[in-house]
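**Student:** If you want the building blocks of each chain, they are given just below.
Protein chains: 2
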Amino acid sequence: MELSHRGPEYREVHEQALERVRSLLDVPRSHEVLFLQGGATGMFGLLPLNLLSTTTSADYVNTGIWSTKAYEAARQVGPVRVAGTGEVNGQFIRVPTAAELSIDPQAAYVHLTSNNTAVGTQFHEVPACGEVPLVVDMSSDIMSKPLDISRFGIIYAGAQKNLGPSGVVIVIVKHDILERCSQKLPDIFRLAAHARANSLLHTPPTFAVYLTRNVLDWLKDQGGVSAMEMRNRKKARRLYETIDASGGFYYSAVEKTSRSVMNIVFRLSSTKLEPVFIERAAQAGLIGLKGHRAVGGIRASIYNVISVEGVERLAQFMNEFMRIYG
Amino acid sequence: MELSHRGPEYREVHEQALERVRSLLDVPRSHEVLFLQGGATGMFGLLPLNLLSTTTSADYVNTGIWSTKAYEAARQVGPVRVAGTGEVNGQFIRVPTAAELSIDPQAAYVHLTSNNTAVGTQFHEVPACGEVPLVVDMSSDIMSKPLDISRFGIIYAGAQKNLGPSGVVIVIVKHDILERCSQKLPDIFRLAAHARANSLLHTPPTFAVYLTRNVLDWLKDQGGVSAMEMRNRKKARRLYETIDASGGFYYSAVEKTSRSVMNIVFRLSSTKLEPVFIERAAQAGLIGLKGHRAVGGIRASIYNVISVEGVERLAQFMNEFMRIYG
Numbered sequence: 005m006e007l008s009h010r011g012p013e014y015r016e017v018h019e020q021a022l023e024r025v026r027s028l029l030d031v032p033r034s035h036e037v038l039f040l041q042g043g044a045t046g047m048f049g050l051l052p053l054n055l056l057s058t059t060t061s062a063d064y065v066n067t068g069i070w071s072t073k074a075y076e077a078a079r080q081v082g083p084v085r086v087a088g089t090g091e092v093n094g095q096f097i098r099v100p101t102a103a104e105l106s107i108d109p110q111a112a113y114v115h116l117t118s119n120n121t122a123v124g125t126q127f128h129e130v131p132a133c134g135e136v137p138l139v140v141d142m143s144s145d146i147m148s149k150p151l152d153i154s155r156f157g158i159i160y161a162g163a164q165k166n167l168g169p170s171g172v173v174i175v176i177v178k179h180d181i182l183e184r185c186s187q188k189l190p191d192i193f194r195l196a197a198h199a200r201a202n203s204l205l206h207t208p209p210t211f212a213v214y215l216t217r218n219v220l221d222w223l224k225d226q227g228g229v230s231a232m233e234m235r236n237r238k239k240a241r242r243l244y245e246t247i248d249a250s251g252g253f254y255y256s257a258v259e260k261t262s263r264s265v266m267n268i269v270f271r272l273s274s275t276k277l278e279p280v281f282i283e284r285a286a287q288a289g290l291i292g293l294k295g296h297r298a299v300g301g302i303r304a305s306i307y308n309v310i311s312v313e314g315v316e317r318l319a320q321f322m323n324e325f326m327r328i329y330g
Numbered sequence: 005m006e007l008s009h010r011g012p013e014y015r016e017v018h019e020q021a022l023e024r025v026r027s028l029l030d031v032p033r034s035h036e037v038l039f040l041q042g043g044a045t046g047m048f049g050l051l052p053l054n055l056l057s058t059t060t061s062a063d064y065v066n067t068g069i070w071s072t073k074a075y076e077a078a079r080q081v082g083p084v085r086v087a088g089t090g091e092v093n094g095q096f097i098r099v100p101t102a103a104e105l106s107i108d109p110q111a112a113y114v115h116l117t118s119n120n121t122a123v124g125t126q127f128h129e130v131p132a133c134g135e136v137p138l139v140v141d142m143s144s145d146i147m148s149k150p151l152d153i154s155r156f157g158i159i160y161a162g163a164q165k166n167l168g169p170s171g172v173v174i175v176i177v178k179h180d181i182l183e184r185c186s187q188k189l190p191d192i193f194r195l196a197a198h199a200r201a202n203s204l205l206h207t208p209p210t211f212a213v214y215l216t217r218n219v220l221d222w223l224k225d226q227g228g229v230s231a232m233e234m235r236n237r238k239k240a241r242r243l244y245e246t247i248d249a250s251g252g253f254y255y256s257a258v259e260k261t262s263r264s265v266m267n268i269v270f271r272l273s274s275t276k277l278e279p280v281f282i283e284r285a286a287q288a289g290l291i292g293l294k295g296h297r298a299v300g301g302i303r304a305s306i307y308n309v310i311s312v313e314g315v316e317r318l319a320q321f322m323n324e325f326m327r328i329y330g
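Here the protein sequences come in this chain order: A and B.
Take any residue in the first sequence, count from 1 to its spot, add 4: that is its number in my numbering.
Take any residue in the second sequence, count from 1 to its spot, add 4: that is its number in my numbering.
Because the hints were derived from the structure by calculation, they are not lab data.
Hints may be right or wrong, so weigh each one.
With a cut-off of at most 30 Å between alpha-carbon atoms, the simulated BS3-like pairs for lysine-lysine come out as follows [as the list claims (entries may be wrong)]: (1) A:K188 / B:K188; (2) A:K73 / B:K188; (3) A:K188 / B:K73; (4) A:K149 / A:K178; (5) B:K149 / B:K276; (6) A:K294 / A:K188; (7) B:K178 / A:K188; (8) B:K73 / B:K178; (9) A:K178 / A:K188; (10) A:K178 / A:K224; (11) B:K178 / B:K276; (12) B:K73 / B:K294; (13) B:K294 / B:K238; (14) A:K73 / A:K149; (15) B:K260 / A:K178; (16) B:K178 / A:K73; (17) A:K178 / B:K73; (18) A:K188 / A:K238; (19) A:K73 / A:K294; (20) B:K178 / B:K149; (21) B:K149 / B:K238.
Computed far set for chain B versus chain A, every beta-carbon distance over 12 Å [as the list claims (entries may be wrong)]: (22) I97; (23) S230; (24) R241.
These numbers were taken from a predicted model, which means no experiment stands behind them.
Just so it is clear, CB atoms sit at the ideal spot from N, CA and C, and this is done for glycine as well.
Given these sequences and hints, build the entire structure.
**Tutor:** Structure representation (structure tokens):
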């Protein structure tokens with residue numbers, strides 16, 4: 005932490021972290037990898053500052069709390085449109101299909117949130133957006149599966165779910181988008197300036213990058229993102245099957261094709277039992293199961309680091325809890 | 005690092021870190037303390053985005069590399085003026101006196117860099133700026149001495165010199181300045197929005213804040229900023245006296261009244277001996293003495309954490325080196 009970011013020790017960590025992102029996600033030469041300070045919320049602001057102007061607008065797909073925040077940030081800068089929604093009767097219980105999106109062919113970009121942590125929905129396909137660059141907030145499912153990077157204009161992800169500590173955001177951006185970045189911003193807020201400086205435009209959050217490099221090494225040792233995908237699917241399947249086999253004792257409001265592999269959000273038919281479930285689970289060492297405060301219920305966030313065994317223990321606990329209280 | 009920033013464990017750390025800044029610097033109720041992501045370079049950009057407009061300009065005092073960067077960032081956003089300089093014949097060897105500054109009474113703010121790390125100059129008095137808010141980058145001398153906070157509009161400091169790891173910047177800002185912040189920015193870039201959210205607008209760099217809290221605790225145990233000032237002056241005096249007593253073997257280009265207490269920048273009259281000095285010093289366990297790449301020579305950065313004993317070892321090494329090579 006005390007080493008200079010210009011010294012050889014940090015340089016090596018920095019280059020390795022960038023290279024690991026490239027190799028794990030098979031990033032083509034058409035795209036740049038950046039490490040910036042901040043997280044997704046910072047990117048909500050940088051996107052419109054870099055890419056919106058008085059003559060361009062952007063399309064936003066609204067599938068929950070975080071995509072709403074991204075939309076609101078852009079609205080403070082320039083014109084934005086809603087190109088699709090996951091809302092049904094006031095609740096975000098699905099993601100729209102590609103066919104349901106209405107994309108303005110003149111839009112500066114289309115923005116969507118690939119995985120919605122609070123409501124437990126996830127895009128399982130990359131929608132076709134024609135010539136309009138697709139910008140995706142993957143903060144909660146980056147590195148959880150392989151991706152065809154060539155289909156994206158910008159992918160970004162705050163580190164603190166699948167990658168490392170808070171304080172750093174990974175950005176994968178296509179070169180032709182960098183060329184469109186506004187010139188009227190201080191360099192520190194221009195994606196193109198960070199790309200030109202190889203993410204060393206200013207002092208990077210060195211310790212956060214170091215830990216992210218270590219997590220990426222671990223990911224590689226685990227077999228990379230393909231192995232992660234198999235493991236994550238297996239984990240999610242175990243929990244959804246437990247929910248679906250409970251005869252309604254547990255239920256998920258999310259449409260089956262939109263169910264998230266990262267955040268298993270469910271309710272108990274008896275809502276009075278939900279705090280009991282959370283308390284008993286904590287006593288059994290299963291912590292952090294309370295649903296997002298805007299949604300309630302139960303949420304099992306099973307990011308990359310959560311083991312198959314950990315999920316198995318939760319499934320067994322769910323069955324045991326149902327046996328006693330059902 | 006894995007704890008939620010909304011949980012009670014982090015909340016306590018967060019509140020303590022903010023409170024320690026308040027108590028150590030005796031921050032009055034007129035000023036807010038913020039922890040933001042990034043560092044000084046981020047603030048170079050946020051300042052003009054928040055406070056410049058088509059009808060206002062800002063004044064910048066130019067005393068070296070970092071103040072030039074701050075000026076350049078503002079120039080990308082709106083009109084800026086140079087209100088004073090520390091340049092003499094193309095070299096930054098002093099800071100201007102208060103009388104030498106020419107401040108536009110209509111300026112949105114006056115910006116200066118209190119300590120210039122590369123050239124080794126420092127403001128030892130706070131210039132009077134009338135009604136114009138004084139904005140100071142104190143990245144390299146925050147917490148090195150007591151301050152009369154009421155005289156400042158904004159003080160900011162990247163953590164990585166005197167406070168903690170890179171990735172967090174402390175901002176002390178007067179309430180009436182918050183009210184002037186632009187409304188046309190995403191909240192993440194509005195100082196007022198961070199103040200309203202008690203620096204929890206988004207996920208803070210939790211580990212960096214935690215370590216900063218620990219450094220502030222250490223500072224308190226050491227006797228606070230008054231004790232630091234005495235210690236820092238003693239350290240600097242020991243090195244400047246060694247330079248001044250060397251009969252020109254060592255010399256400092258900096259005007260005596262502008263000499264920095266944090267960064268002792270000096271040369272050897274025989275520049276050929278400078279790499280030898282750096283090498284022999286490293287062999288004696290005295291590392292990091294190479295001058296900034298834009299300036300050359302020798303630089304002893306003696307931030308808060310450097311002990312009196314460490315400085316004494318350097319002074320003795322300097323005398324010994326002169327005895328052999330002089």
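**Student:** Look at each hint and say if it fits the structure.
**Tutor:** How the hints compare with the structure:
Between K188 (chain A) and K188 (chain B), the direct Cα distance comes to roughly 15 Å. Compliance with the 30 Å bound is thereby established for this hinted pair. A threshold of 30 Å between alpha carbons decides the hint, and for K73 (chain A) with K188 (chain B) the separation of about 16 Å falls inside it, so the pair holds. Taking the CA atoms of K188 (chain A) and K73 (chain B), the gap is about 16 Å. The hint holds against a cut of 30 Å. Among the hinted pairs, K149 (chain A) with K178 (chain A) is consistent with the structure: their alpha-carbon atoms are about 20 Å apart, no more than 30 Å.
Taken as a hint, the K149 (chain B) and K276 (chain B) pair is broken in the structure, with Cα atoms around 36 Å apart against an allowance of 30 Å. Restraint check for K294 (chain A) and K188 (chain A): not satisfied, since their Cα atoms lie roughly 44 Å apart, outside the 30 Å limit. Between K178 (chain B) and K188 (chain A) the CA atoms are separated by roughly 27 Å; this keeps the pair inside 30 Å, and the hint holds. Proposed proximity of K73 (chain B) and K178 (chain B) is supported: the alpha carbons are some 24 Å apart, at most 30 Å.
Using a Cα cut-off of 30 Å, the hinted pair K178 (chain A) and K188 (chain A) holds, with the two alpha carbons roughly 20 Å apart. With a CA separation close to 24 Å, the supplied pair K178 (chain A) and K224 (chain A) stays within the 30 Å bound. Straight-line distance between C-alpha atoms of K178 (chain B) and K276 (chain B) comes to about 49 Å, which puts the hinted pair past the 30 Å bound. Restraint check for K73 (chain B) and K294 (chain B): the C-alpha separation of about 22 Å stays at or below 30 Å, so the hint holds.
Of the pairs offered as hints, the one joining K294 (chain B) and K238 (chain B) holds, with about 22 Å between alpha carbons and a cut-off of 30 Å not exceeded. Distance hint between K73 (chain A) and K149 (chain A) is fulfilled; the C-alpha atoms sit about 25 Å from each other, no more than 30 Å. For the suggested pair K260 (chain B) and K178 (chain A), the alpha carbons sit about 52 Å apart, so the restraint of at most 30 Å is broken. At most 30 Å may separate the alpha-carbon atoms for a hinted pair to count; K178 (chain B) and K73 (chain A) meet this at roughly 28 Å.
Distance check on the hinted pair: K178 (chain A) and K73 (chain B) sit about 28 Å apart at the alpha-carbon level, within 30 Å; holds. Proximity of K188 (chain A) to K238 (chain A) is assessed by CA-CA distance (about 48 Å); at most 30 Å being required, the pair is judged violated. With a CA separation close to 22 Å, the supplied pair K73 (chain A) and K294 (chain A) stays within the 30 Å bound. For the given pair, K178 (chain B) sits about 20 Å from K149 (chain B) by alpha-carbon distance, which is consistent with the 30 Å threshold.
Pair hint K149 (chain B) plus K238 (chain B) holds up; C-alpha atoms about 13 Å apart against a cutoff of 30 Å. Chain A leaves I97 (chain B) outside its interface by the beta-carbon criterion, the shortest separation being 24 Å against a cut-off of 12 Å. Interface exclusion of S230 (chain B) from chain A stands, the closest Cβ pair being 25 Å apart, more than 12 Å. For R241 (chain B), the condition that its CB be more than 12 Å from all CB atoms of chain A holds, with the nearest at approximately 25 Å.
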